[in-house]
Each structure stands twice: as C-alpha cells, then as structure tokens.
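J.: Read top to bottom, the protein sequences are chains H and S. Just so we're aligned, residue 26 is where the first sequence starts under this note's numbering, counting upward by one. Just so we're aligned, residue -17 is where the second sequence starts under this note's numbering, counting upward by one.
Everything labelled a hint here was simulated from the structure, so no lab data went into it. A quick note: this is a predicted structure, and the numbers were derived from the prediction, not measured. It cannot be assumed that every hint is accurate.
[Stated by the list, open to error] Straight line, CA to CA, 25 Å or less: simulated DSS-like cross-link-like pairs of lysine-lysine:
no.: 1; chain 1: H; residue 1: Lys253; chain 2: S; residue 2: Lys111
no.: 2; chain 1: S; residue 1: Lys38; chain 2: H; residue 2: Lys54
no.: 3; chain 1: H; residue 1: Lys67; chain 2: S; residue 2: Lys38
no.: 4; chain 1: S; residue 1: Lys(-16); chain 2: H; residue 2: Lys67
no.: 5; chain 1: H; residue 1: Lys203; chain 2: H; residue 2: Lys83
[Said to hold, decoys possible] Covered stretches of chain S, as calculated for chain H (at least 3 residues, CB under 8 Å):
no.: 6; segment: -3 to 8
no.: 7; segment: 88 to 102
no.: 8; segment: 108 to 117
All C-beta atoms, glycine included, are put in the ideal place defined by N, C-alpha and C.
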Amino acid sequence: MIPAQFDYKAPATLDEAVALLNSDLDGAKILAGGHSLIPAMKLRLAQPQLLVDIARIKSLAYIREEGDQILIGATTTHYQLESSDLLKQICPLLPECAKSIGDVQVRNRGTIGGSVAHLDPAGDWPAAVLALDADLVLVGPNGERTVKAENFFVDLLTTDLQPGEILREIRIKKPSGKFGHAYQKVPHPASGFAVVGVAVHLTLNDDGSCKSAGIGVTGVGVKAYRAKAVEAALAGTNLDDNAVGAGVAHVCDGIDPNSDLYASSDYRCHLAQVHTRRALQAAKARAQ
Amino acid sequence: MKLEGTHELDAPRERVYACLVNPEVLQRCIPGCERLEQTAENTFSATIKTGVGSIKGVFNGTARLEDLREPEHLRLVVDGKGAPGFLKGSGDLDLASTETGTKVAYTADVQVGGTIASVGQRMIQGTAKMMATQFFTSLGAEAKTAMGEPPPQHGFFRTALRWFSGWVRRLFRS
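Construct the entire structure; sequences and hints are all you get.
T.: Structure follows, in structure tokens:
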C-alpha cells in the first residue's frame, strides 16, 4: 500500500501545468482529486514518475452561467456540484448525479474533470455529460480544442485526450423549455461505483410528447455510452408505459455488456432496462 | 474467465495463419510487446509492457503454440507474471475463409490473479477485449502488407483530422 517513488509539482497556473506535463510525456500524470489515481498508485498498478497537481489551481474550480451555456471547471469537486444552488435550478441532473458518488469524503476531494478524463467504466459523470451532450474543452501545448463528450469517450479508460493535453472545462448547453432530469443508479454495495447508472435529460413539447431524450448509460459497457436507439424510439411519442417499455428494450443494442463476479452480462442488461425506464418516468414527472 | 470473440480480417486465410506463427509479426502486433524470442520449437519467451489508461504493468512470460493445423486452427498456451499479477490460460483460434478475407474466432479460458484480479476484476474483461481488437487490427494490416499492398496507416483519420483542425486554427489566428 505504499506507492513507488514519484516527484510532485503543484503549478500555480494551467499553462505551467501543461508545460510540466509535456516535459515528461511518458512519466508525468495529472493529479486532480486523486480518488482513482492514488489507489492505483498505492497498489502499484500505476507508477507515474511525476504528478502534476492541478487541484491547487484555484481558477480551475468554478460553476458559472455564460450566455446559454453552463461552464464547469475541471477541478470542481463532486460536493461543489452537489451543493450548487445555481445547478439545482438550471440543471438538476448534475447535483443529482454528484449526490450518488461514493461517500462525503470522496465527494469533497474527487473532481468532475478527473472522473471524465479517467473514464472508469462505472464512473457516474460520463453518463451525465453524455445525456446533456456536453462539450469538453482540452488544452495542450498547441492551444485549445473542443470535443463532444460522445466523441471523447473512446474505449475502456481511454479518452481522446492526447499525451500532453489536460481537460480544462465542461460546457453544457443550458436546458430550456419544458425539461426533466433524472439519474438512476444501482451502486455496488462495497465501492459505491455504478453497477448500472442511467442519466436522462428529457425535453417535452407543449402537448407533453417527447421532443428529445438524452440518455447516458454507465457501468454496462467498457465505457459510458449514449443509448441512441432508445432516444430515437422515444422521440415524438407520448412517453406512456408502452412507449417507454418499447424504447428501453433497446438500451443494450450494440453493446456487449460487462460481466464480473457481481453481475452477469444478462443481469446488467436487465438492470439497465429497468433503470432506464425508472429514470425516464422520473424525468417525465419532473418536467415542467 | 472465459473470453470469446470473432474478428474479420481483410486478408486470405493462409497469410493470416503464416502471420500468427511468425514471431517477428507477433511482436509487432501484440500491444506493448517489447521482446519475443523463440526458445524452442513453437515456444516463445516474451516481455510485454502494457496497460490501459494510467494502469500499466510489465509482464514476463512464455507462450506455446499447440495443435497446429495449418491453415485453420491453432492453440496458444500462455503463462506470465508481473508486478500487478499473473495470468495463465489457453485459447483456441479458428480461421475460416470468407468472401472478403478471413474470419478468426477465438475462445479462451484465462486465469488472472494477484493485485490486478483482486481490485481490477470488473475491468479485466474489457481490457482483454480491447487488446484483442488491437491485436487483430494490427495482424490484419500485417497480413495485407505481406501480400505486397501498402500498409494501412493506423489512426490515419485522427492524424488527418488533427492536421486539418490545426490548419483551420492557424488560419483563423493569422
């Protein structure tokens, strides 16, 4: 439980952090909340030579409204998102998702950017940012670029972040009109990680029919994904039990569900269907 | 743990088979393989430095090819260990000709132990799938190259896209 030897730097600015990260592309690793990286280092599954701590860059933790967007800094902690009055009003999916993560100690340290960049197959945030169709702002030695969450999540623990790049900000289009949010999760009893987690961002037409549904699913596949077949099946329907039932049957389409000691792939897929249905029903009930 | 899957390769079965039993080709195709040496007939010793995300490890081990029935079947028996844990098991590969190339079907039974199994259990299957895909993608490219066609560039689209976006960015900056 003692990590291998490593160097530690706490830069004061993001530019410095990028420079440090690029000084040793092979051995340097970004440290944010450290709630995935440090356990892996203690078990010596990860042995970075240099940790670049960005959690101390104060200007990187924020939640603010700008025009029709919500901007969230990468090192904003789960607890800051959970307790944000602004988000509770304009984007309640984020506080609801934050509340379900780990325990209070984890939420006080762990960050949304860390979770999204680490892409644990059972992490909660990837599902939420997919449901909200977020944009992710990455900064590297050659400047910034913006990637859709959907394109950012590449494979197991693998994102579109290139060596030398840091996730700086998460941008979400402010939900408007008649919308409802819900996050439904089956936590693993020991770790609190999602055996299955489903985030729903539902918008309704004036007559109560489904205008669009954003559905992010975590824990089921090797990475979080958007349940596009369900989204398409629901669009335009009146979201009654039949329509929702028919839609959620497609939640594992094209996915090879994980199987481990706790849940077989069939059971996971079943859980995904049940919880997608519950999340849709909750989101519909909340839509106003 | 049982693993199974199929991969379609864009090269004839004989070529794919020849690549599968060629240590030089295997070294290039196995993700993170730093050393692969033949120690006896159909027996190899290897060092593989691999991992996903921040989780990385070095494994040393041996691999043995058995039950060789060219060009349709072979069996691979592996035994390796490293700081994060150990791995041993065997897998059967079956090659079938298709209209466009070769379909490789594999079934394997692998035991994984040590730290990686006790804490990473929920990710082992995903890691295995990802590495199998990388391996067969490279193998398909090798088999095609061996036929005298130019090798497909890995990640060509990403390279092109990044070049293009960099170009657009420069255009707007100047």
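J.: Among the hints numbered above, which are violated by the structure, and what are their numbers in rising order?
T.: 4, 5, 6
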